[in-house]
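K.L.:
Each chain, written out:
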Amino acid sequence: MTEKTTPLWEVFIRSRTGMAHRHCGSVHAADAEMALQAARDVYTRRGEGLSIWVVPSSEIIASDPAQKDELFEPTASKIYRHPTFYEIPEEVGNM
Amino acid sequence: MYTQALNARDTEAGAVEDADRVAAFQARVDAEEKIEPNDWMPEGYRKTLVRQISQHAHSEIVGMLPEGNWISRAPTLKRKAALLAKVQDEGGHGLYLYSAAETLGVSREELTEQLLSGKAKYSSIFNYPTLTWADIGAIGWLVDGAAIMNQIPLCRCSFGPYSRAMIRVCKEESFHQRQGYELLLEMVRSSEEQKEMVQDALNRWWWPSLMMFGPSDTDSQHSAQSMAWKIKRFTNDELRQKFVDATVPQAHYLGLTIPDDKLSFNEATGHWEFGEIDWDEFMRVIAGNGPCNRERLAARKKAHADGAWVREAALAYSRKRADRREAARHAAE
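Just so you know, the sequences run in chain order C and V. Mapping of the first sequence onto the working numbering: position 72 corresponds to residue 72, and the numbering continues sequentially without gaps. One gets the working numbering by counting positions in the second sequence from 1 and adding 1000 to each.
Facing chain C, according to a computed beta carbon distance under 8 Å, are these residues of chain V, among others: (1) N1038; (2) D1039; (3) Q1088; (4) D1089; (5) G1092; (6) L1095; (7) S1099; (8) E1109; (9) R1311; (10) A1314; (11) L1315; (12) R1321.
Straight line, CA to CA, 27 Å or less: simulated DSSO-like cross-link-like pairs of lysine-lysine: (13) C:K68 - V:K1034; (14) V:K1034 - V:K1230; (15) C:K68 - V:K1047; (16) V:K1119 - V:K1047; (17) V:K1047 - V:K1301; (18) V:K1034 - C:K78; (19) V:K1230 - C:K68.
FYI, nobody ran anything at the bench for these hints, they're computed from the structure. Even glycine gets a Cβ: it sits at the ideal position worked out from N, Cα and C.
My request is simple: use the sequences and hints to build the entire structure.
P.N.:
Next comes the structure, spelled out in structure tokens:
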């Protein structure tokens, strides 16, 4: 068979609850319009969403898992970025 | 929705892997970290997953055939709508799973080719025919019931995309089993004749449903590796026992007899004990010689061939529109 492979699209759906669009999977489709239709059929059969984004998978730029430590490890030691780092007397009340 | 532990593990064909990396990988798995597609993984882990996930996907797609057979003959509009929705779900489940397999570096076209050429397996249960309307109820109750037993532990599988696909599938699956059981309940309450149809369906689907859990643990030396990799969480026999324990009381509630004269409840263990599965039949069906193997594959091949012009036209149209956009951009410059 001489057919070209059908492009892959990543699917993002915004749920009813007012959350941001969230990645939920992928579909193959020849073009953007068909990708939207396929995403609707595959990922919203039970009222999961109110809005769909499809993005060509080839356009996603991802961080390298090998760089995980240098990218994310430094934040582990910065405990002063969290509210619980600071002592507030109980008398002050909820803060 | 349907998986089957076929337990044909791929051996790492002479591949020498860095012992440190293998140890680091196993440590991550042991710590219950999820493995993601771009992470380093042993070749055996990748191959095992590609095979298992794609077989699972193929099972969903082939599984649409025995039920689809009854859509146009459903007895009421309610049952027809439910069956249509169920069969559409199975198609959706197949697509979630193909996507998960593709993250491991295999293309959708290759996976389809493996199914159509007969190289890839799918669950043996779909090689049995759906002879009466009661079979549609029996599939929902028993086949989806067995699948749920298999799939709930797969939600905790170490491979992230497979685990996420299983969570979606399990959320949707409960309806499949319930609609089947309700359908049977309505039949057994309707007339003696319909109750006999239901008993006949149970007689034919019971043993093939038990076979869905794959070979017995004593014949399956591959389970250990899948368990160590946390792809599997329970052995085939453990899952089969859970299924029998859950299903026997449901059969009794319907007023049916399980077609197994060795079936008895063991008060001491709290488990139902059952007779020996006909493993010759299992091997025969897996090898391609069940009642409907040829018919199922022929139907998938025909669907693929009949859809070829649609795939070609859609790609040609997208190319034409891309070319026009390009031409318009040049003209504007």
